[in-house]
Amino acid sequence: MVSLGPPARTLRGLLQELRYLSAATGRPYRDTAAYRYLVEAFRAHRVTSEKLCRAQHELHFQAATYLCLLQSTRNHVALHQEFHSKGERSVEEAAGAVGLKLPQQPGGKGWES
Amino acid sequence: MWRSCFRLGAGGGSFPRRPCLLPAAPLGPGSQAESAPGLSLPRRAYAPPAERKKFYQNVSITQGEDGYEINLDHRKLKTPNAKLFTVPSEALAVAVATEWDSQQDTIKFYTMHLTTLCNTSLDNPSQRNKDQLIQASMKFLDTDTICYRVEEPETLVELQKNEWDPVIDWAEKRYNVKIGSSTNIMGPDIPSKTKETFISHLASYNMWALQGMEFVITQLKSMVLSLGLIDRHLTVEKAVLLSRLEEEYQASQSILESPMIVPIPLLNIFLSRNGAMWNGPTTMNYMNCGLELQLGRFLFTFAQKVPQ
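So the sequence lines, in the order shown, correspond to chains C and F. So the first sequence is numbered by this note's numbering: it starts at 1 and just counts up by one. So the second sequence is numbered by this note's numbering: it starts at 114 and just counts up by one.
Any given hint could turn out to be false.
[Stated by the list, open to error] Cut-off 27 Å, straight-line C-alpha distance, at most; resulting in silico cross-link-like pairs (DSSO-like, lysine-lysine):
id : chain 1 : residue 1 : chain 2 : residue 2
1  : F       : K221      : F       : K291
2  : F       : K167      : C       : K86
3  : F       : K252      : F       : K274
4  : F       : K351      : F       : K274
5  : C       : K86       : F       : K166
6  : F       : K286      : F       : K306
7  : F       : K243      : F       : K306
8  : C       : K86       : F       : K221
9  : F       : K274      : F       : K286
[Said to hold, decoys possible] Here are the computed distance ranges between Cβ atoms for each label pair:
id : chain 1 : residue 1 : chain 2 : residue 2 : range
10 : F       : P266      : C       : N75       : 49 to 57 Å
11 : C       : E93       : F       : E276      : 47 to 55 Å
12 : C       : S3        : F       : D179      : 36 to 44 Å
13 : F       : R241      : C       : G96       : 47 to 55 Å
14 : F       : Q240      : C       : Q105      : 48 to 56 Å
15 : C       : P106      : F       : T175      : 56 to 64 Å
16 : C       : N75       : F       : G293      : 34 to 42 Å
Calculated from the structure, these hints are not laboratory results. The structure presented is a predicted model; accordingly, all values stated were derived computationally and were not measured. The beta-carbon is built from N, C-alpha and C at its ideal position, and this holds for glycine as well.
Build the full structure now, drawing on both the sequences and the hints.
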């Protein structure tokens with residue numbers, strides 16, 4: 001019932017995600033341990049072209065799940081950056097927004113100890 | 114997000130000896146409760162730390178006696194309870210290293226889901242043993258999402274039947290049990306033989322796998338769907354979709370034309386992470402997920418446009 005599609009597509013997706021992650025750090029993505037590991041794993045399991053090969057299917061499923069994780073994390077961060085609230089303004093900023101300034105009380109306010 | 118935390122190095126050491134000491138985050142700046150023994154500020158157990166600058170350049174993986182370890186520059190990564198961070202499988206180690214490697218400037222712990230989950234597995238902060246985890250998971254079977262049906266509207270009943278029945282049938286065949294579905298408010302009546310079968314099935318997994326499994330079940334609110342996920346019968350996206358069937362249905366019924374920006378990625382993340390914990394009785398290199406949805410709800414209120 002699982003329709004994963006061709007492994008090549010999953011691999012391409014994974015490499016794309018790695019590219020996004022490495023773009024952040026500036027180092028080329030081919031240097032990362034993840035790239036080497038993935039490419040090696042996919043290459044090793046490509047030998048059996050049998051569709052019924054269970055290990056290959058397991059690896060592919062795992063890779064697809066990891067891809068889902070990476071994509072979802074990236075989307076989540078993007079959503080968060082776009083929609084999350086910046087918090088409340090401080091009292092000074094709120095006063096400044098309506099053109100007022102807070103009074104200076106060098107002796108400190110009465111209730112503050 | 115009490116799980117999304119970690120401290121590198123335990124509290125209480127002198128500063129040069131433990132360079133990775135993090136401040137006690139929820140108490141405001143400058144309250145280094147560990148390094149100032151006179152201070153009696155209570156520290157929340159397993160609390161998330163403040164934002165930390167990225168203090169390392171390179172992340173590498175080494176193999177120790179217990180498994181794979183992560184090194185940040187020359188320092189070994191530790192869990193919040195100061196245990197050495199070891200994972201049983203290389204794939205998981207690579208994934209955790211990638212998470213650390215992809216941080217820029219400041220370390221955003223909320224993006225490091227696999228790290229968090231590994232920390233939880235290693236530290237077991239809720240101190241649960243295997244039986245307790247299994248009990249916690251089995252509780253969801255009684256009110257399993259896909260067994261709990263509505264009676265109306267008609268289209269939703271139809272949708273539930275078409276989408277959920279095949280999964281139940283698959284589970285019944287695969288595990289040789291009877292599950293069934295019900296519109297009763299008390300939920301489906303699961304025979305005890307079914308429960309025993311599932312309990313013994315869950316017992317065959319190791320602690321890491323069980324931690325992950327329990328999270329997945331908690332997130333999906335359905336044991337049958339989680340089993341489908343674990344047995345590779347459903348993909349993460351499909352399992353999430355089936356779990357959220359009613360919400361998807363409601364969204365499609367909305368009279369507003371505006372696009373629904375639902376934080377499905379979050380649930381997908383959570384579902385993807387735990388697969389890492391999942392792998393047969395020996396190692397964990399599967400990535401599936403489950404994590405509390407609190408952050409998800411936060412985004413949910415902002416991101417989802419509900420019909421008026």
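Status of each hint after checking the structure:
no. : hint                           : in the structure
1   : F:K221 with F:K291             : 45 Å, violated
2   : F:K167 with C:K86              : 23 Å, holds
3   : F:K252 with F:K274             : 23 Å, holds
4   : F:K351 with F:K274             : 16 Å, holds
5   : C:K86 with F:K166              : 20 Å, holds
6   : F:K286 with F:K306             : 15 Å, holds
7   : F:K243 with F:K306             : 20 Å, holds
8   : C:K86 with F:K221              : 16 Å, holds
9   : F:K274 with F:K286             : 17 Å, holds
10  : F:P266 with C:N75: 49 to 57 Å  : 31 Å, violated
11  : C:E93 with F:E276: 47 to 55 Å  : 50 Å, holds
12  : C:S3 with F:D179: 36 to 44 Å   : 38 Å, holds
13  : F:R241 with C:G96: 47 to 55 Å  : 51 Å, holds
14  : F:Q240 with C:Q105: 48 to 56 Å : 51 Å, holds
15  : C:P106 with F:T175: 56 to 64 Å : 59 Å, holds
16  : C:N75 with F:G293: 34 to 42 Å  : 36 Å, holds
Checked against the numbered hints given earlier, this structure breaks hints 1, 10; the rest are met.
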